[in-house]
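Colleague: With the hints as a guide, bring both chains together as one complex.
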Amino acid sequence: MIRKQVLWFLTVMIAALVQTTWVEQIRLMDVVPDLTLLVVVYFAMTEGEERAMYSGLIGGIIQDIASNYTLGHHVLCYVVVGYAAARISARMMTEHPAAKAILVFCAGIAFGILSIAVAYVQDPSVPAFNAIVARVVPSTFYTALFTPILFFAMDRLFKRRKQWKLTGGLTL
Amino acid sequence: MLSYRRIRENRPTLVLVVLVSLSIVSLASGTRGNVISNAITTAGSVVAYPFLRVFDAIGGATSYTVGFVVAYDASRREAAGLRKEMNVLVPRIADRDAIYSENQRLKEMVGFIQNQPRLELAPAKVVPLSQDPISAAKISNSAGVLVVDRGSIHGIEPAMCAMTKDGVAGIVIDVRPTLSYIATLHSDRCQIGAMIGRDKRVRATVHGSGSDFSHICRLEHIDTKDIVRVGDEVLTAGSGIFPSEYPIGTIVEVESSGSLFQVAYMEPHADPYSVDEIFLVKRAQPTLMEMSGHDPSTEQPVVPGPEPLDRSERPTRETDKPAFALPDTRSMQERYAP
Numbered sequence: 001m002i003r004k005q006v007l008w009f010l011t012v013m014i015a016a017l018v019q020t021t022w023v024e025q026i027r028l029m030d031v032v033p034d035l036t037l038l039v040v041v042y043f044a045m046t047e048g049e050e051r052a053m054y055s056g057l058i059g060g061i062i063q064d065i066a067s068n069y070t071l072g073h074h075v076l077c078y079v080v081v082g083y084a085a086a087r088i089s090a091r092m093m094t095e096h097p098a099a100k101a102i103l104v105f106c107a108g109i110a111f112g113i114l115s116i117a118v119a120y121v122q123d124p125s126v127p128a129f130n131a132i133v134a135r136v137v138p139s140t141f142y143t144a145l146f147t148p149i150l151f152f153a154m155d156r157l158f159k160r161r162k163q164w165k166l167t168g169g170l171t172l
Numbered sequence: 001m002l003s004y005r006r007i008r009e010n011r012p013t014l015v016l017v018v019l020v021s022l023s024i025v026s027l028a029s030g031t032r033g034n035v036i037s038n039a040i041t042t043a044g045s046v047v048a049y050p051f052l053r054v055f056d057a058i059g060g061a062t063s064y065t066v067g068f069v070v071a072y073d074a075s076r077r078e079a080a081g082l083r084k085e086m087n088v089l090v091p092r093i094a095d096r097d098a099i100y101s102e103n104q105r106l107k108e109m110v111g112f113i114q115n116q117p118r119l120e121l122a123p124a125k126v127v128p129l130s131q132d133p134i135s136a137a138k139i140s141n142s143a144g145v146l147v148v149d150r151g152s153i154h155g156i157e158p159a160m161c162a163m164t165k166d167g168v169a170g171i172v173i174d175v176r177p178t179l180s181y182i183a184t185l186h187s188d189r190c191q192i193g194a195m196i197g198r199d200k201r202v203r204a205t206v207h208g209s210g211s212d213f214s215h216i217c218r219l220e221h222i223d224t225k226d227i228v229r230v231g232d233e234v235l236t237a238g239s240g241i242f243p244s245e246y247p248i249g250t251i252v253e254v255e256s257s258g259s260l261f262q263v264a265y266m267e268p269h270a271d272p273y274s275v276d277e278i279f280l281v282k283r284a285q286p287t288l289m290e291m292s293g294h295d296p297s298t299e300q301p302v303v304p305g306p307e308p309l310d311r312s313e314r315p316t317r318e319t320d321k322p323a324f325a326l327p328d329t330r331s332m333q334e335r336y337a338p
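Protein chains in written order, with my numbering: chain A, 1 to 172; chain B, 1 to 338.
In case anyone wonders, no lab produced these hints; they're calculated from the structure.
Hints are not guaranteed to be accurate.
From chain A, some residues computed to sit far from chain B (all C-beta separations above 12 Å) [stated by the list, open to error]:
| no. | residue |
| --- | --- |
| 1 | M92 |
| 2 | A98 |
| 3 | S125 |
| 4 | A134 |
Covered stretches of chain A (chain B as the covering partner; in silico rule of three or more C-beta atoms under 8 Å from a C-beta of chain B) [as the list claims (entries may be wrong)]:
| no. | region |
| --- | --- |
| 5 | 17-29 |
| 6 | 32-45 |
Please read these numbers as outputs of a predicted model, since none were measured by experiment.
Positions of the beta carbon are idealized from the N, C-alpha and C atoms, including for glycine.
If we strip away everything but chain B, and leave its shape as in the complex, we get (with noise of 0.2 Å):
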């Protein structure tokens, strides 16, 4: 009764020394091989599953539900990030485009130079009004003008043609060391010498539309007697340095008002205000026509006649001369013979 009154009032001490004892001889024994200790292993295991299978569902549910947020805030994050990204690339696409556009415009010039072996040109760039204060003053007034970055140290001389791709597109009028003014199709000052493409005898003189807001220009000094049609082509004549049988633009209206002239109006082809680059034609070598003076596009038609006289056989007179100069095909001796 004693002992068991001792046990009783020790048994803390008791139960410390037991599980004491047996934790030092577990430790001491090991865990592999031990049968005691695979079987206390197992048995925690077995009361534990439950609840790790709890565990983990509470873990994927609370995963699930914070994933709303999480996954809304990472997305939130991700769209700030691109759109950072596309404040970025968006310029540097707006720059590709315009590299692009520029490249296509630049083949096309070097196409054009390459296209015209009859022309020695001068590309200049078409800068703002703004950048030559003193002229602009004067000529801003003026519709229609356009400002180059070529002037008398290039080469530049006024009457010179100015032309782009698709055609003629104005008349050079002012020089200035570095700078030249060119009247466009759009100037009241710009005034072309013309011809019809489908019959060039009909010669006519452009005159452009004074105004920035009409592109239609005035074809002035036709004969009564010449046929203008509609639809048109109207090429320049040439003159001086300006090169002759280059588009300017297309009969939109024939007005014939009775008087000694006919008056038609015309749609240029160039748009000069659509333009960086411009030609200036510092040169054009004559058309074949040019040169012999005859043009087979206004030949009459041929009708059958008496045979030509042989040369021998004309009376030789001082005034029979061809109309224009032939290669000479006579030989040395009769050229230069006494």
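In isolation and in its complexed conformation, chain A is listed as follows (with noise of 0.2 Å):
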């Protein structure tokens, strides 16, 4: 169980941090995967609201002091977006990988529409609707196009410990 959670808060780390170092070499037409918004969903739909909850919270602060927001941007709009990702996948009939990427697609709007929400609050020059336009959408579909590839890492790291769990270290 202890391993579990070492491994999950790890991958929530390494997920927070690989989004503030690394993926710029993935970007593309300015725009970048939300790896971050990835993990939430994912276990918004494996390990339901809370683990949802406290990846965004673990997530969103990393983000928060390494791009130097005010602290709770990026925390509020991940725990909001995994406890509404998490609600809406417990009454999901299918785990088609479309399914999924459509889900994330639509967190990951809500993630930037909530974002957005978010800065105009603070300065209302911002321009929220062309922001949406030009950032979010294009944003929400690049990160959209990772979920099968992450979902699969993802199912490969947590579930081969469980067959490992139930089978005593022998793969099925």
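Modeller: Put into structure tokens, the structure is as follows:
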């Protein structure tokens, strides 16, 4: 159980740190994928609201510190999106990758709108609508493209460990 | 008990409310100057620091590894670019060298012309025989013939001397309106009157080698009594429009056959096949020796003898005239008095 918690913590930390460091290497048309959001949605789908919100809390704090935002900006957005994603995914009838990607896309749009809304409250001069159209939608689409890859890797990382636990370390 | 159950059932919502509330409070209070925010930031930085160090190390190693491929690729591209640049520059360098050598040659030509005040020279460009196909067929079987781009309309005449800066190269044998044919020292049609520089009384005739592969010319009609040595300089004897006392070559072999004349072999100074331009001597002013008919080099050693008689004491004879015309030093009265 503790190993699972540690693995979860490391996964969230690494995702957030990669988001603030290396993800710039795959910048495309001025947008980057949001790996923290993907991790939050993944845990929302697999572990429920609480784990998703804690993931959002850790990832949000790291991103707020790294990007010099007001503390709470990313935290608020990730927590809300994680909670909502968990509630919606609990009602999903399918585990088709496309459904997961659509959920990630919707979560990304919600995250972007929330983030811009918070920024707009702090600074009304922010061009909110333009930012949503020009940045949030492409970025979310780019993030959704990574859904199958990252979810597959996370499945391998967590579910295989469960199999090892169940089978005494033997692969089925 | 009931409230504990309700809290447990609604724990996610409670967590959401707490986290959202804290976030809103943090956002409302702002980051700067907030003790709690600063503490969270510091704690987050401390926790993230080892990860960032690991990230840096991995990033450095990755950059180092990728650098091999990228640097190789960059070097390969740079080499390809340099190769292209070199392909452009090599012909330019060759052109520059050619221009430089041409400049040097033209400078030497100008210097040669300036150093020959006695000669009226017409520079002519050597053209390939193929540019005059009609005459080429007739003359091409004769080795050692050059064609130059100056002809009768430029004042060129047969028997003019063709020379380079090194010395005499041949003689004009045929003249067309715009072309002239020169029998060089490689041609058997080339015959030039010559004399030995050491003793200008020794006369000979230079015959061209008659071969493109041999440049050694033959000197004929040398009197057996004349002394010709290996290393003697051969000069032009000069006749008509042919200039005198210009170097032709150097004696390399003397052959005494015991007949009336002896034969010598000469290596010419000029190589007519290595020049692009050649000078044609249109006119040559005679030397002092030619004007006076008196060659100081051929003077006999002065032997002290009796004092010459006073002209007034000598009996005047019709035949008693100087060997060459001397300036008239008589006064006007003496010259024109009845």
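Colleague: If a hint holds in the structure, say so; if it does not, say that too.
Modeller: Quick rundown of the hints versus the structure:
Interface exclusion of M92/A from chain B stands, the closest Cβ pair being 17 Å apart, more than 12 Å. At the 12 Å boundary, the C-beta of A98/A stays outside the reach of chain B, the nearest C-beta of that chain being 27 Å off. No Cβ of chain B approaches the Cβ of S125/A within 12 Å, the least distance being about 17 Å, so the stated non-interface status holds. Against chain B, the non-interface label of A134/A holds: every CB pair exceeds 12 Å, the least being about 24 Å.
For a cut-off of 8 Å, the count of residues in the region 17-29 of chain A with a CB near a CB of chain B stands at 4, and the three-residue condition holds. With 0 residues bearing a CB less than 8 Å from a CB of chain B, the region 32-45 of chain A misses the requirement of three and the coverage assertion fails.
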